[in-house]
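There are 4 protein chains.
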Amino acid sequence: MGRAIQVGMIGAGRIGTLHAEHLAHRIPDARLIAVADIVQEAAERCAARFDIPVAVQDYRAILEDEKIEAVAICSSTDTHTQIIEDAARAGKQIFCEKPIAFDLARLDRALDAVRQAGVKLQIGFNRRFDANFRRIRDAVADGRIGTPHILRITSRDPAPPPIEYVRVSGGIFLDMTIHDFDMARYIIGSEVEEVYAVGGVMVDPTIGEAGDIDTTIITLRFENGVLATIDNSRQAVYGYDQRVEVFGSKGMIAAQNNTADRTVVSDTEGVHSALPLYFFVERYADSYIAELQAFVRCVQEDTPPPVTGLDGRVPVVMGYAARTSYEQGRPVRLDEV
Amino acid sequence: MGRAIQVGMIGAGRIGTLHAEHLAHRIPDARLIAVADIVQEAAERCAARFDIPVAVQDYRAILEDEKIEAVAICSSTDTHTQIIEDAARAGKQIFCEKPIAFDLARLDRALDAVRQAGVKLQIGFNRRFDANFRRIRDAVADGRIGTPHILRITSRDPAPPPIEYVRVSGGIFLDMTIHDFDMARYIIGSEVEEVYAVGGVMVDPTIGEAGDIDTTIITLRFENGVLATIDNSRQAVYGYDQRVEVFGSKGMIAAQNNTADRTVVSDTEGVHSALPLYFFVERYADSYIAELQAFVRCVQEDTPPPVTGLDGRVPVVMGYAARTSYEQGRPVRLDEV
Amino acid sequence: MGRAIQVGMIGAGRIGTLHAEHLAHRIPDARLIAVADIVQEAAERCAARFDIPVAVQDYRAILEDEKIEAVAICSSTDTHTQIIEDAARAGKQIFCEKPIAFDLARLDRALDAVRQAGVKLQIGFNRRFDANFRRIRDAVADGRIGTPHILRITSRDPAPPPIEYVRVSGGIFLDMTIHDFDMARYIIGSEVEEVYAVGGVMVDPTIGEAGDIDTTIITLRFENGVLATIDNSRQAVYGYDQRVEVFGSKGMIAAQNNTADRTVVSDTEGVHSALPLYFFVERYADSYIAELQAFVRCVQEDTPPPVTGLDGRVPVVMGYAARTSYEQGRPVRLDEV
Amino acid sequence: MGRAIQVGMIGAGRIGTLHAEHLAHRIPDARLIAVADIVQEAAERCAARFDIPVAVQDYRAILEDEKIEAVAICSSTDTHTQIIEDAARAGKQIFCEKPIAFDLARLDRALDAVRQAGVKLQIGFNRRFDANFRRIRDAVADGRIGTPHILRITSRDPAPPPIEYVRVSGGIFLDMTIHDFDMARYIIGSEVEEVYAVGGVMVDPTIGEAGDIDTTIITLRFENGVLATIDNSRQAVYGYDQRVEVFGSKGMIAAQNNTADRTVVSDTEGVHSALPLYFFVERYADSYIAELQAFVRCVQEDTPPPVTGLDGRVPVVMGYAARTSYEQGRPVRLDEV
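Chains as they are written, first to last, in the numbering used here: chain G, 1 to 337; chain A, 1 to 337; chain L, 1 to 337; chain R, 1 to 337.
If we strip away everything but chain G, and leave its shape as in the complex, we get:
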């Protein structure tokens, strides 16, 4: 246990409420003392549920509260850069949900503001804090499988998001693959040079009508020579499929899916085991706690955040490169974006 960090939550939607619960109950050194939401009632509901003393509509009230050392930004994506800039100027330490922004110019301006203010900014790529993927990253970094050659990521959602969300999400590459782009960089520890994407509308034609695709395979070429393949689908009927495999000169490490239990039934039809955990809330429950613990610790100890602004920026660039690749039917280098 270290000194307590006073935190303000900005945005009390689904993910904000999740983080609020963790800050309230699961992270001993955090004190969640204020919550803001553009919908006042949402802020109040969240405050009531987790005994948060202050609930406001305008996030600037949180930035003005001198007791508050850090903020967690969980509002809608289009508000992120403005709030980051304001929070940086107010001297707050910042945790911000991914993606930072879709507009690279605004994103860079926000990162600049953070740099100038000398505050910390941690991006919410929570999967880095998952036990499976962390173990893979460590194994690669430790040379346990030798020099990495091939990375395979399978990432499939159990069900597509509402079509309204698809229309504004930035498309599959910026909304869904972005997590896999982050995972690829995190595990391999090198930057991607070139992206090639193929895809199609296989799950639901209304996704195509909304201008997006729902199924894709992406090939990555890293600066250090590693080759990677990512496959995504908006709908795996058997649940959230989250597997990663790294193949190297001395062996392979692979993560299987997590399941709710380890029971196995044998009957006349076959041998049956449990489905993967249904979706991100169940699958990555522990990682959400771990990322906030890491954030609180880096504030306490004044160390660099484990997921930086640059880590938030690069996957957005990769998303644009993948989209161009898909649209133009050719590999696209990141430096083209």
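Copies of the same chain look alike in the list, so a pair counts if it works inside one copy or between any two.
Pairs of lysine to aspartate or glutamate residues, derived as EDC-like cross-links and limited to a Cα-Cα distance of at most 16 Å, are as follows:
# : residue 1 : residue 2
1 : K98       : D175
2 : K250      : D267
3 : K98       : D311
Derived from the structure by calculation, the hints contain no laboratory data.
Given chain G's structure and the hints, the job is docking chains A, L and R onto it.
Frame of chain G, contents of chains A, L and R only:
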């Protein structure tokens, strides 16, 4: 969420502290407002850690507190029956760690006191609340595997307890197998008629010198005809081995061990996956929370506790039968005890 | 490849035909040149199928053929001892299916005849030649898991034999468990001192009417202190369940079931993999070849057979001990039989 | 059993010897009555080993033998088309190892000769006869996983071939990936429109010096919209890695690697299971027998061969497309080749 239940903790040792943490942070409807420990300093340390307003040495102060509706008894086994009787007379709802007691006469007197006071008594057989074993129980109850024929339980600790504990624990059958006896009854839903136990000192000769054994295989015959085999060891070097399998007329259900992660490494030597979770604190973490949630809920809703005083009594009887069987080299009927 | 061994087959029923196929096609150094069956037509059918030059009704014609160096006895159990004695006197090397006999006096007379003739006798405990169980035996012998403490064998048939067979089979312990008794001795490399068996009729009441049981759990105590548990059922609806596990001071080795393929289907209902191979013909296909290869090799190289007459005798004794234990409800020492 | 088919073997190298063994011992309806090899001694060694009556140097002697109904062509790749044409003109039914040829003009001329002669030609893509992959194909064809969306193939050799072989093999796409191209068409049941390949020299620089690569990821787009990713490495230190996965609208089917046994060791370091079978001879042992059985059956029953000349041609075209894609850094349509 239901109405809040005010709880007092009696005993702030290892398991008491674990329960205190859950009551403080993980069970929204519980309010842990007092803690007692015969070592005042232990009570105070626990109180400080979980923001418990009251820390006392004498548990009777808790029983006298009218705000307190329920108590959790986590003191040493030899104090259980006295505290149960006192708590029952004080009208408190009672959660008590297993085993209730080794002395059957005193145990029965305590159960009588509970009955006369009309309070609830739930025994801390936490494994019943484990996701794997609950799913097995439900599968058996639902007929998913038909009529059960054979039950196999493997239960092996990662390391023996301190030899001081071995000397006073009541022996392997009352200290370790007792959990498996409870599991057997829970899963099969019938009573055991006869027990046969073989055993030996294989792990550590000092356990033999302390009058106990460290390895045993026990055969059970249930009233409904089911046959069961339990094997125990005080030391599985690969970690806590907790498997259950039920075989029936329509199939089989089996629980594998839980692991910290699902990664698999392949190298020139083989294909390597994670060890079982190390010991009960890690392995049964969720079940400890779930049993207290169930206790709080049964107090809130005034329903019978899911693990009764009888459930606490029978495994003790089975432990004595197993001990006699081992000592006399013959099957022993429970009604002999 | 070594020198060719001329072999005569005695008994052309199911298992005889299986061995004949292997001797004809799969064991390069064997020459199957004659087959005898009490039903002349069966001998002829077998001869036609595998290009065997000679088919006779009376096995003594085979014993009189000086070109024939070795015989494989696959006739009905009650004829084994007489044929062994005759074959031994004729100087033939002998492979004999298990069990040698149920009558221990006759069995011992046959073993005496073998000893006096100085010929080899290998018993058809084919499971010793299975890759899984051989690897377990080797691991135990090599100390890979340290000193063995606990042995668990699960052995369940996919379906009961015809009731006519049950009536004459000698009962579950002599007909089915006998393989597991052999496996236990083979893996642990020590003799069993005491047997305790419980059982019941759970699969089919007509088995009970025929004087047998169909479900049993057996506890073994070895001279070297190892404890073992065996469970048997006449009917596992999911197929032939053949698992073995040894737990020791340095770890555990366990064999899972073999399956026809390694595919896994995930759908909305669960994750489904293949059933165990259906029965002994499929499951132990390779072991039947390997045991005859070993027999041919020991004849070629004049080395002791890998499964001796004693290995054939002891499991029969264990079967009687288990039967007595079950009938009398008490542990039975082998030296009582 | 059907009528016996007299077969001549052309080419008695490694794969020819393997097929000869199967024709001699494992396929009851085949009679292997002649073997030819450009090295007379190789033909004679093979003949001696499998009791083949005739051994010649010139394969035309086999074509002239009127008793011989079918030939198996296992000579070096550059001789395939000439022998196919000669055998077709001689009216023989033809089994030919893959690849038919690298020169598409000559390949087409050979297929023409087959067509004109009205004989059968089966190509040796043995993996189609593997139990795992056959089950996947059947599951896809039966709609068990709904409409297929994504195909993933991992195919990694345990060790690179001799550098002399690499120099003449046609490169990784024509020598190694060709099997995966066939598998992709077989499983999906549609033709590939476009190929994109990335690759590198990661295993051994001498492979690069020989003008080849040793690691590649290939993306396929099928006419029916399915997307596929194949990854290859010349060296998986843990053994032959042969996995296939198909993801569709109703679920997923995946094949794990086959292993020599199903034992699992747990010790202080982890839980260890067996490596994949080492290489194609071990891994695909059964499939080599099954493909020849299928060939013999299609000759017996005068049905179309299960792997046609076109099935032999398309993967060669895909290999060229992949090579062009890799060299030019762009997706290549098959109709460009």
